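One point on numbering: in our numbering, the residue at position 69 of the sequence shown is 69, and numbering is uninterrupted.
Be aware that one or more of the hints could be misleading.
With a Cα cut of at most 25 Å, we get these calculated SDA-like pairs of lysine to any residue [unchecked claim]:
id	residue 1	residue 2
1	K137	T201
2	K307	T247
3	K137	G48
4	K46	L113
5	K137	S108
6	K307	S249
7	K378	V442
8	K349	Q318
9	K349	L428
10	K137	Q106
11	K307	G381
12	K137	A118
13	K46	V68
14	K307	Q268
15	K378	N336
16	K349	S282
17	K307	E376
18	K307	K349
19	K307	T201
20	K378	S355
21	K307	S355
22	K307	N433
23	K46	L58
24	K307	G327
25	K137	I25
26	K378	A429
27	K378	G439
28	K46	R92
29	K378	A325
30	K378	G431
31	K46	G112
Calculated from the structure, these hints are not laboratory results.
It should be emphasised that the depicted structure is a prediction, and the values quoted were computed from it without experimental measurement.
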Amino acid sequence: MGRAANGLGGINAWRSNGPGRRYLIETDPRFVNYDNFISSDFLLDKLGVDPEWTQTRLGDGFYEQRLVLDQITQLTGRRYLGNYADGVAQYRALLESGVAAAGQLQLSMGVGLTAAQAAALTQDIVWMVEQDYQGQKVLVPVVYLASNSLQLRGNGALIAGGNVELNAANAMSNQGVIAGADVSVTAGNLLNQGRISGTGTVTLEARNDLLNQGQIQGRDVALVAGNNLVSEAAKAINGVGILSGITASNTLQLMAGNDMTLTGTRVQAGGSAALIAGNNLSLTPSALRDDNGLLRGGDAVSVTTGKDLIVSAGNDLQLHGVTIAAGGSAALQAGNNLSLTPTIGLDGKVATRTSISTGDSLQLTAGNDLTIRQAEVKAGGDLIAAAGNNLNVESVLNDSETNRYNSRNGKTRVTTTTTTQSIDQQALAAGGNLILSAGNDVNP
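Based on the sequences and whatever the hints tell you, model everything.
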């Protein structure tokens, strides 16, 4: 490591010992037109630093831009700052401001801003900061907002106080920031596209539908919908969404009188959590399309709890390419069908498996059929899978290749066909007892 040879005065750039891998995470070029994105190469070039000799960065331009949009949403409750309506233009401006601030404040590449440097900012910037990712040191774009950006803007709402209580007879829409100690929001229909947070209890209640496309945070969090509850990724760039999030440092409750749908969202609870729907409950990736309009895998849903977890549907419960991790025990219950299935890529292969892991016991219960297809299911204690009708534990064909060899012997033509198949097996593992039961058939 050392200083960049031709860096801007006062700019320290970390260097590897030679050209190596520039990005740890690179986007499949089949799905992204790189001409539509800008990366931290822009910042490095302006500072006179050769990107080939710079420390590995976490992701390419596509990935960096999504990280920046996520951070801005977390900080402001909105995807864009000021009058920006385009992610690329916004990222370019933040990088340009980073170049200016580097010279003015003597910033060091890979080092986060000090409190004094952050307070001295006159405009919003992005700066590359070294962080640890899965044991590897990488450069990550970090958003720093100037003090005037942290104040109320005319195009966004900011409601803050000790305890906040909002009540609307009909619909309520939040695209800004609602923050306080205890926060309570009640409406006929409730839409959150910004950030709602509290240091204590956060309760959102919709007499009809509740839609979350932003961030909800608190110590104890409860979302209640009389009809449907949906939490999904907000559309941002090229049809790619920014993950929504529901986070409780202690307990979490999500309840829907009818259907509950989670797509492209992260659900986290430091304590216990309950997800309960009167009818159907679906956890699936966000549906994205490539440049040809073909559906492809999107952002997966993750549910993480420090203690126990209950996921219950009065009718069908569908987990499709979902990751669930419970520190304690977990119970997944469906009045009708319960299915654990993977996502499939454009090549026909498994893209993302459904993964369930618990520190203690795990119960999978279906009133009718229980299907476990290409899933990873692991319990620290007992694992019980019970179906009122059929219990199907299925493997999925992952690869198939056919080779044909032709040869001629006189007038006789011989064709030999060889087919090679690779089968991925699902994993059912228990630290205690493994019990499979069905009212009708068990189909392993």
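Which numbered hints does this structure break?
Hints 1, 18 not satisfied by this model.
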